[in-house]
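S.K.: Starting from the given sequences, assemble the full structure and let the hints guide the process.
Sequence lines, in order, name chains A and B.
The opening position of the first sequence corresponds to residue 1 in this note's numbering, with each subsequent residue numbered one higher.
The opening position of the second sequence corresponds to residue 1 in this note's numbering, with each subsequent residue numbered one higher.
Among the chain B residues that face chain A by a calculated CB cut under 7 Å, a handful are:
1) Arg43
2) Gln44
3) Met45
4) Leu47
5) Gly105
6) Lys110
Think of the hints as simulated: they come from the structure by calculation, not from any bench.
Computed from a predicted model, the values in this text were never measured in an experiment.
Note that CB positions come from ideal geometry on N, CA and C, so glycine has one too.
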Amino acid sequence: EPEVTQTPSHQVTQMGQEVILRCVPISNHLYFYWYRQILGQKVEFLVSFYNNEISEKSEIFDDQFSVERPDGSNFTLKIRSTKLEDSAMYFCASRAHEEKLFFGSGTQLSVL
Amino acid sequence: AQTVTQSQPEMSVQEAETVTLSCTYDTSESDYYLFWYKQPPSRQMILVIRQEAYKQQNATENRFSVNFQKAAKSFSLKISDSQLGDAAMYFCAYRTSYSGGGADGLTFGKGTHLIIQP
Chain A
1 EPEVTQTPSH QVTQMGQEVI LRCVPISNHL YFYWYRQILG QKVEFLVSFY
51 NNEISEKSEI FDDQFSVERP DGSNFTLKIR STKLEDSAMY FCASRAHEEK
101 LFFGSGTQLS VL
Chain B
1 AQTVTQSQPE MSVQEAETVT LSCTYDTSES DYYLFWYKQP PSRQMILVIR
51 QEAYKQQNAT ENRFSVNFQK AAKSFSLKIS DSQLGDAAMY FCAYRTSYSG
101 GGADGLTFGK GTHLIIQP
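M.R.: As structure tokens, then:
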């Protein structure tokens with residue numbers, strides 16, 4: 001079965017540093033997402049992306065966050081100046097039109 | 001805004017027996033999707049089953065089935081013949097239908113930790 005691929009699996013950074021989390025969605029999918037899960041809590045929607053632009057974003061997705069699809073395969077999440085509370089598992093997901101959502105295996109971000 | 005409530009933080013079941021995980025949701029929409037996701041210790045999110053609100057028939061996937069009660073806004077997951085590999089966090093999730101517009105992201109419940117007793 002096709003997979004959503006996320007790299008790295010674990011990212012450690014210092015507070016105030018910029019991080020970029022990378023995702024390769026399934027090749028024929030059209031809709032792309034980022035979610036996060038703080039340890040022990042529920043999964044929270046961050047942003048959705050379609051047709052090269054953000055289609056929806058949550059209150060969590062403030063000016064410190066940005067997403068990009070720089071080429072035909074990658075989908076990235078950038079956090080400009082990380083805070084301690086950004087420590088979480090970040091999941092990328094993708095879907096085709098009106099199909100089920102496929103999640104990647106996540107990137108665990110640790111901000112020190 | 002839609003909300004999803006899972007009232008059971010933890011459930012325990014004997015191997016080979018049946019367990020039901022509850023989920024209720026609140027929405028003013030008539031067309032939407034409901035999902036159950038499994039998250040094992042690896043923290044991978046795995047889709048277990050999904051239900052379209054306009055379909056009256058309850059979805060079934062092998063040992064997993066749902067009891068969808070639209071009027072009551074209830075969406076429970078039944079796991080039959082429980083296996084040790086079923087041990088995980090289970091999250092109920094809601095999404096508006098694409099034709100309905102609105103928020104595109106999934107709204108998750110807080111999860112139920114399922115323990116399988118050997």
